[in-house]
Every structure is written in structure tokens, then in C-alpha cells.
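Both chains are given apart, each in its own frame, so use the hints to dock them into the complex.
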Amino acid sequence: MSEPKRNRQQLTGALVYFSLAVMMLFMQILPLSSIPRSWTGPDLLLGITLVWVARRPDFLPVSMVIAVFFFADLLLQRPPGLFCALVVIATEVLRARSSALRDAPVVFEWLYVAIAIVGLTALNRAILSIMMVPLPPTSLNYIQMIMTIGSYPALVFAAHFGFGLYRPAPGELDSHGKHL
Amino acid sequence: MARERQQEYTYATPIRRLLVGVALLCLILIFLVWRIDSPRVERFRLMVIDRFVPSFEWAMAPVTGVIKLASDFQSYQQLADQNRDLRRELQQMKAWREAALQLEQENAKLLDLNNVRLDPKLTYITGVVLADSGSPFRQSVLLNVGERDGIIDGWPVMDGIGLVGRIAGVAENTSRVLLLSDSSSRIPVLIQPSGQRAVLAGDNSLNPPLEFLEDPDLVRPGDRVVSSGDGGVFPADLLVGQVALGSDRRLRVRLSADYERLEFLRVLRSRQREEIVDPGDIVAPESRSVATTDDAAASATDGQNE
Numbered sequence: 000m001s002e003p004k005r006n007r008q009q010l011t012g013a014l015v016y017f018s019l020a021v022m023m024l025f026m027q028i029l030p031l032s033s034i035p036r037s038w039t040g041p042d043l044l045l046g047i048t049l050v051w052v053a054r055r056p057d058f059l060p061v062s063m064v065i066a067v068f069f070f071a072d073l074l075l076q077r078p079p080g081l082f083c084a085l086v087v088i089a090t091e092v093l094r095a096r097s098s099a100l101r102d103a104p105v106v107f108e109w110l111y112v113a114i115a116i117v118g119l120t121a122l123n124r125a126i127l128s129i130m131m132v133p134l135p136p137t138s139l140n141y142i143q144m145i146m147t148i149g150s151y152p153a154l155v156f157a158a159h160f161g162f163g164l165y166r167p168a169p170g171e172l173d174s175h176g177k178h179l
Numbered sequence: 000m001a002r003e004r005q006q007e008y009t010y011a012t013p014i015r016r017l018l019v020g021v022a023l024l025c026l027i028l029i030f031l032v033w034r035i036d037s038p039r040v041e042r043f044r045l046m047v048i049d050r051f052v053p054s055f056e057w058a059m060a061p062v063t064g065v066i067k068l069a070s071d072f073q074s075y076q077q078l079a080d081q082n083r084d085l086r087r088e089l090q091q092m093k094a095w096r097e098a099a100l101q102l103e104q105e106n107a108k109l110l111d112l113n114n115v116r117l118d119p120k121l122t123y124i125t126g127v128v129l130a131d132s133g134s135p136f137r138q139s140v141l142l143n144v145g146e147r148d149g150i151i152d153g154w155p156v157m158d159g160i161g162l163v164g165r166i167a168g169v170a171e172n173t174s175r176v177l178l179l180s181d182s183s184s185r186i187p188v189l190i191q192p193s194g195q196r197a198v199l200a201g202d203n204s205l206n207p208p209l210e211f212l213e214d215p216d217l218v219r220p221g222d223r224v225v226s227s228g229d230g231g232v233f234p235a236d237l238l239v240g241q242v243a244l245g246s247d248r249r250l251r252v253r254l255s256a257d258y259e260r261l262e263f264l265r266v267l268r269s270r271q272r273e274e275i276v277d278p279g280d281i282v283a284p285e286s287r288s289v290a291t292t293d294d295a296a297a298s299a300t301d302g303q304n305e
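These protein sequences, in sequence, are chains A and B. Residue 102 in numbering that gives the first Met the number 0 sits at position 103 of the first sequence; the count goes up by one each step and never skips. Residue 263 in numbering that gives the first Met the number 0 sits at position 264 of the second sequence; the count goes up by one each step and never skips.
Extracted from the complex, chain B is given alone in its bound form (with noise of 0.2 angstroms):
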């Protein structure tokens, strides 16, 4: 009985369960800020992380070296299969190796023909990866580039061959990229050499699956998938990957770039998104719409005045 009335005093004061209260009902008031107006609390998460993960940077770059080392080590016991294999695939390469230059001097010259200037805005910005996104439920990395390099949200990212994903939120020293393997990313595509559509949508898995696909018959696995630039917030032909039949028969991608080691990031600087200002609106062509009405009243009147 005393005991209980001690622990009242220590621990249930009414004016310490008044601030938990109060603090509780801070959380959650943040909360359902973010899920009404996300943008603004992910920019103020993006200020918080800014300002603590680069002074960690230091302490970071070592522990990463030291364990990828010991990972580098155990794999040293795999590494005469690995050695054989890489002779095989090197013979195959060779001969890739060939057919690629001898298109690659027929492009230039068929370029050189057609007198083709490539788009000078398609230049990039290399970045290295500071931190992972810390939890197997979210797939993005953080770049040690941002708003002071010019970084603009929605830019995509692409390591040596593949496209990695695209930026999601810039703050002053660094962004951050989603992957495309995270389970919100979704990235129109273009599969070649069948020109079908589809949209690239992360599941949390290496290999993400396609969908809306029109029609999945003329797609075998093999398959080259790029960019396809639609809805202009990508632009068009960068690498994505190919296709692959997944375990669960559906088709999936199998990413170019390396997932395992990202380091070195490229960021490309593409157009200037598209940018939306009036959420409450549909999104429509509409001052196009209203112009050409306008110019056809303008000239109805114009035709009716002579």
C-alpha cells in the first residue's frame, strides 16, 4: 500500500503525465502534419539530417573502409571460381568488345553526317554516398552533394552504366536519392527492341517488377530497358536495365547498376521539372486551352469585324 503510493509520487505525478501528455500529442500532431502537408516536414527532416550526418562524416569513411575490408577479405576464399569465371566472361567480352567499337565508329560517322549536336544540358554532377537510408524498409542514399552544387530535386541518378534512381529532396550540403528499388519509386520505361511502355515500380526488391505492360507477349527476358522520358520528369534512352522473368512469373528488371557498391554517384542535370504549383488543381493543359479559345474568339471577332 505504501509502496504503491510511493510509486504514485515517483513515477505518475500529475504533472509529469501532463507533459508526457502534451509531448505525446506534439508526436502526433507532427504526424498528421507530415500526412497532410508531407513536403515541408520531409524539407525540415532533410535540414535536420543535413546538419548532423556530414559532422559524422570522419567517423563514417573509416568504419565503412575497415568493414567492407573484412567483407573484402572473406571473399578472397571464392576468389579462384570467381577468376575462372571471369576468363570465360572476358572471352565473351572480347567479342563484344569488337562489335562495339566497330558500331561505335559507325555512329560517329552516321552523327558526324547527320551533323547531331548532343543536348550540352545532359552534363552531370558526381556525388559520393555519405549514409544508407538506415532501415530494410526504405531504399535511398544520401549524397554528399546539394542545393549549393546546384542540385534540383527530381534529377536522375545514374552510376557508371544504370540509372540508380533520382534525387528526393535537396538540402544546402546534401540530397537524397530514392532508389529505384524502393517501394515508392516509379520510372516510365521504354523496352527495346519491342518499343513497349511500361512503368518501372520498386517493391523493395533488387529487381523490381514492370507494370502496364500493354502487352506482355511480345517482352521476353533479355530484353534492353531505358528511360522512356514520358511525362517529361525523366529524360528519355538512360540505361535502366533488362528484363527478367522473376521466380513468381511476372517480368521484372534486373538492374544495370551495381547496387552492392554504390559509391560514386553521378547526378545528371536534366530540364527543369515541371513544377506544381496548385495542388487542389487537375493537372491539365489549361492555358493552352484557354489561349486557343481565346484566339479562335479573337479571330471569330476578327472575321466578324471584316
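Bound conformation, chain A alone (with noise of 0.2 angstroms):
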């Protein structure tokens, strides 16, 4: 595949992102009801953000992760950068594995994904109340990341299928004309 092309494929990839990152926390946002629930949806923008990275991590720069991440911190009245961090930390994670799941079959994508999430929620809890902040109801946080480990196939579904996001075929080439 030649270069241009190659850039314009990241470029995009990486503008699709962004737009569904931003529309995700406007969606969270909206005032609709403020009554508490008992029961959380998925953490959607944690799972998109695997999805990419797991299956195409030259489109989702770690600046990127890391300026969506920060913001949603701030936004969303978390602890600010600590999540920000891990999940950092877990794209690198998964980033340095992507190779090595590409070959495999998805049910081992799903099994890496969710041991990250898994480590991530329970680090964050951790960190958390070692730090003595004060934490939301234990319960609340396993249904999230339950429900998000939940939604991932049907992200990636999504993805490979709304958003063209493909596994690299074998023998793909880089920006730099290396193989992926």
C-alpha cells in the first residue's frame, strides 16, 4: 500500500475516533435525569478506545488516549489523571500485544481485553482508596466494568462493520514501509 495512502487511512482512523469519543461525553452529559440509578451502562468511551487499540494501534496515537482521557476526568468529576493514566498504561499494554492478537482468534482478544479492564477497575478502586477518596458503591463500579467487558464484541462489531475498522491483513505495511 503506498505511503499516502497509508497516512490518509491513519488519519482517518484516528478522526473517527475523536468524533465518537466527543459525541460519547456529549451523549454522558445531557441533563436527561438526575435521578441516581442502582445500575450503570457500559464505560462506552473505555471500550471504544480498546477496540482500537487492540485491533489497529497505528490509529490511535497515545497523545490522543491521553488528551480524551484527560478531558473526560475533568469532565466527568473524576479524580483528575489517575484513570487517565491507567488507562494509559493499559493501551500500552495491549498495544505491545497487538501483534500477537492480530493471529488469534477474537475470543482471545476478548479474554486480554477483559483481564485489562478488569485490572483496570480494581487498580482504580485501589489507588483510590488507598489515597482515602472518598468511593462511590463498590457495586456500581463491577456492574460497569461487567457491563463494559459485556459490550465489547459488540463493538468491535460495530467497528469492523460501521466504522471499516479491519485487523491488518497479514503482510501490511506501515507508514514507514515496515510490516506492521
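The reader is advised that the hints may include incorrect statements.
A few chain A residues facing chain B, derived, Cβ under 7 angstroms [unchecked claim]: (1) M22; (2) M23; (3) Q27; (4) S32; (5) Q76.
Derived CB-CB ranges, DEER-like [claimed, not checked]: (6) A:I145 with B:A99: 45 to 55 angstroms; (7) A:M131 with B:R96: 49 to 59 angstroms; (8) B:V32 with A:A125: 39 to 49 angstroms; (9) A:H159 with B:V127: 39 to 49 angstroms; (10) B:L24 with A:F162: 28 to 38 angstroms; (11) B:S70 with A:M22: 29 to 39 angstroms; (12) B:E56 with A:T11: 24 to 34 angstroms.
Hint data in this document are derived by calculation from the structure and do not stem from the laboratory. Only a predicted model underlies this, so the values are computations on that prediction, with no experimental measurement involved. Glycine included, every Cβ here is placed at the ideal spot set by N, Cα and C.
In C-alpha cells, the structure reads:
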């Protein structure tokens, strides 16, 4: 594949991610109801980030992850920086394994991502409780974790058919002309 | 083997690793600074939100409207039932209305007799809810009034009927309202008619429990809960809700404010809050006690002089 085309593809991938992220944050802060819920939906922003990084890490620069999640931390009243740092660590770990994941069946990819999400949630709670930050109900955290893991295949499906996010075919080259 | 080397080249060059490390360090540092000096970072957070959220307002209002319209449409199905219930309720309300009118007249007469003037400071500013907290773990809303409208941190916020929360964070054009249901919300309340004092402690549920109740036996479900004004943070006698017995046998409060639809909120201008300037000191009426001892000493020396 020619270099300009690849670059353009990467840019499109990154832009699609960015617009999806902005849209998700936007939908989250709509003032629809202020009743506290005893259940939650999945953390879709984390979900699509993991889909992107597990399938096409070249589409999602780490700077974008930092920018999006730091802004989300600020916007969603989370302790600023902590969740963002944990997501960066998780995406870097997945990024390093992404070439192995490419050849593996989807179930293994799912398993890897699930481990990442569980680790993320547990570490986040552990650090917050060590720092004695007031914590939300435990059940809510775990419901969200399970929902996020459960929604991963659906997100993969949507990204594949909706946004054309394929795993790179064997022998594809990156912008430097190297194998991915 | 060759592939691994390329992998190394693409994703784990030392420079990249270094940059990611530095970024992680910065993020952790920000978190630690937030933990140590939270007000400053929270101010920064509000500044960022103030910069971005109002610029989305043009899109948020129609989307919210459309979604609410759809949910309203769904509720048409239950309209007949609702109508019947409302009629029954209206019948009861009519009786109450008569009682209220009589009481109002009586109250006006008594106020007149006593020459009572209502506190002119208890006026309010009305704001529109801009955005939600966006997270199931935090219960707060963003209002479209801020510093330029004279909003000050700590002022109580009500909807038409009951207390909703208090201002926690003010930016130039927006301010954040911490709802009573948030797990970090604590409000001193008074339960009528028994006159028991308690603390309404939010726990991320719609019906926050009452804590530090002296004698729970004196409190019955259905009792009125109003703000007590203890600690000088809140004005007294703002309606909060009614006592209810939760399914976990704890006394909880059914909030009067309609949390389902928080749209227009009143921010009450209340007294200037006590500034805490020195975080290291014990909060105590130190200056007064010093003054009195000084006075005592002065009078003692005066006495000696005489």
C-alpha cells in the first residue's frame, strides 16, 4: 500500500475515534435525569479505545488517548489524571501485544481486553481507597466493569462493519514501509 | 525474530517509551496534587468545563428536547392510569388547599401583628441546568449562572418546592450544584414536629439516609424534614422532604424536589459563608476567647490601677 494512502487511512481512523469519543462524552452529560441509578451502562469510551488499540494501534496515537481521557476525567468529575494514567498503561500493554492478538481468535482478544478492564477497575479502586478518596458504591463499579467487558464484542462488530476498522491483513506495511 | 525487531522499532522506540513515561508521571503528579490541594485543581477543572460545555449548548438543548419528547411519548401509554390517580389526588388536594388558604390568611395576619419583615437577603437567582455530571458515580448538575451573576460557593439551590443541593464550584459562566444525593453531600437538618436534629448524608441513592439522629424513636415516617441552619452554612427552614422508612430499616428522606426533571433551579442568596483561611488551625472561636481574656486582663489591670 502506498505511503500517502496509509497516512490518510491512519488520519481517518484517528478522526473517527476522536469524533466518536466527543459524541459519547456529549451524550453522557446531557441533563436527562438526575435520579441516581442503581445500575449503569458500559463505559463505552473505554470500550472503543480498547477496540481501536487492540485492532489498529497505528490508528490511535497515545497522545490522543491521554488528551481524550484527561478531558473525560475533568468533565466527569473523576479524580483528574488517575484513570487517564491507568488507561494509558492498559492501552500500552495491549499495544505491545497487538501483533500477537492479530493472529489470535477473537475470543482471545476478548479475554485479553477483559483482563485489562478488570485490572483497570481493581487498580483504580485500590489506589483511590489507599489515598482515602470517598468511593462510590462497589456494586456500581463492578456492574460497569462487567457491562464494559460484555459490550466489547458488540463494539468490535460495530467498528468492523460501521467504521471499517479491520485488523491489518498479514503483510500490510506501515507508513515507514515496515511490516505492521 | 525479524518481526519482533520491527515491532520494537514501531512501538517501543526508547524515545517513545520515555515520552509515555513522562506523560504518565505528569498524570500521576496531577492526581497527587489534586489529592493534596484539591480546591486549586477543582478550580482548574471548572475553568476547563466552563470553556467547553457552554459552547455545546446549541447542540445539547435540541438533543435533550428530542430525547425527552420520546420518553414523554412512551409515557402516554400510562396516561389513563395516571389521569385516574391524579383525579383522586386532586380531590385530596382541594381539601388541603382550603386549609392552606386559611392558614395563609392567619399567618399573614400574625406576621402583620408582629410587624415581621422577611429577610431581604433571601432572594434568588434562577439558572437553567446545562449538563449532567455524566457519571453514575457523581450526582451533580451544571448551571448556566456563575461568577458574573454573583454566585458564591456554598449557596443553597432549590427547585420550586424543595432543596436540591448546594453550589460546589463556581466558574465565570457556569457553576456546579452538588445534589443532596451525592455521596459527599452532608446537610444538617431538623425534623419536625419532634425537633430532632440530624445530618442528611447522601449515598448515591434517591432517598438519602438520616445520620446522627439522637432518638430515632421520636421520628416517624411522614415527618417533615427542613434544613436546620446549624453551622451557618445553610439558611434554616428550607424544605428538604419527608421522612420515610427505607427497605433496609433505616430512616431515609423522600426528597421534595423533583429530581426526575431538574430544569430551572433557584440559587438562594444566603449569608456570606465563613471563610476558612488557615487550613492548619483548629476551627474554634479563638479570636473571641483571646479578646475576652484580654478584656478580663485589661479590666483586672484597670481594677489594680484603681
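Hint-by-hint comparison with the structure:
no. : hint                                   : in the structure
1   : M22                                    : violated, 10 angstroms
2   : M23                                    : violated, 10 angstroms
3   : Q27                                    : holds, 4 angstroms
4   : S32                                    : holds, 6 angstroms
5   : Q76                                    : holds, 4 angstroms
6   : A:I145 with B:A99: 45 to 55 angstroms  : holds, 50 angstroms
7   : A:M131 with B:R96: 49 to 59 angstroms  : holds, 51 angstroms
8   : B:V32 with A:A125: 39 to 49 angstroms  : violated, 20 angstroms
9   : A:H159 with B:V127: 39 to 49 angstroms : holds, 41 angstroms
10  : B:L24 with A:F162: 28 to 38 angstroms  : holds, 33 angstroms
11  : B:S70 with A:M22: 29 to 39 angstroms   : violated, 20 angstroms
12  : B:E56 with A:T11: 24 to 34 angstroms   : holds, 29 angstroms
Going down the numbered hints, you'll see the structure goes against 1, 2, 8 and 11, while the others check out.
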